[in-house]
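Residue 102 is where the sequence shown starts when you use this note's numbering, and the numbers rise one by one after that.
The set of hints was computed from the structure by calculation and includes no laboratory data. These numbers come from a predicted model, not from an experiment. Take these hints with a grain of salt, some might be off.
[What the hints assert, rightly or not] Derived CB-CB ranges, DEER-like: (1) Arg147 / Thr114: 29 to 37 Å; (2) Gly169 / Glu118: 35 to 43 Å; (3) Lys103 / Gly169: 34 to 42 Å; (4) His108 / Ala150: 17 to 25 Å; (5) Val121 / Glu163: 12 to 20 Å; (6) Thr128 / Ser157: 28 to 36 Å.
By construction, the Cβ of each residue, glycine as well, lies at the ideal position given by its N, Cα and C atoms.
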Amino acid sequence: MKTLQVHLNGRDTMLREDCVTVDDLLTDSPWNRERILVELNGTVVRKEAYPSTRLSEGDRIELVHFVGGG
Numbered sequence: 102m103k104t105l106q107v108h109l110n111g112r113d114t115m116l117r118e119d120c121v122t123v124d125d126l127l128t129d130s131p132w133n134r135e136r137i138l139v140e141l142n143g144t145v146v147r148k149e150a151y152p153s154t155r156l157s158e159g160d161r162i163e164l165v166h167f168v169g170g171g
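Work out the full structure: start from the sequences and follow the hints.
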């Protein structure tokens, strides 16, 4: 199986070949997509753009999960 190498949350990570969009990446994520912010190469990706935002070799991806507190 072919893979895609990206930099995810500060670590080199290999993604499956069929993980081609931000939406695909989040489908594999254990995090709640309603409370997550995705930054791709320094730019925040809007939720409605997840299905159409393609990932490429070498991308820098940050997943930021928001939690409540008080």
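Could you work out which of the previously given hints the structure breaks and list their numbers from low to high? Per hint list: 1 and 6 violated.
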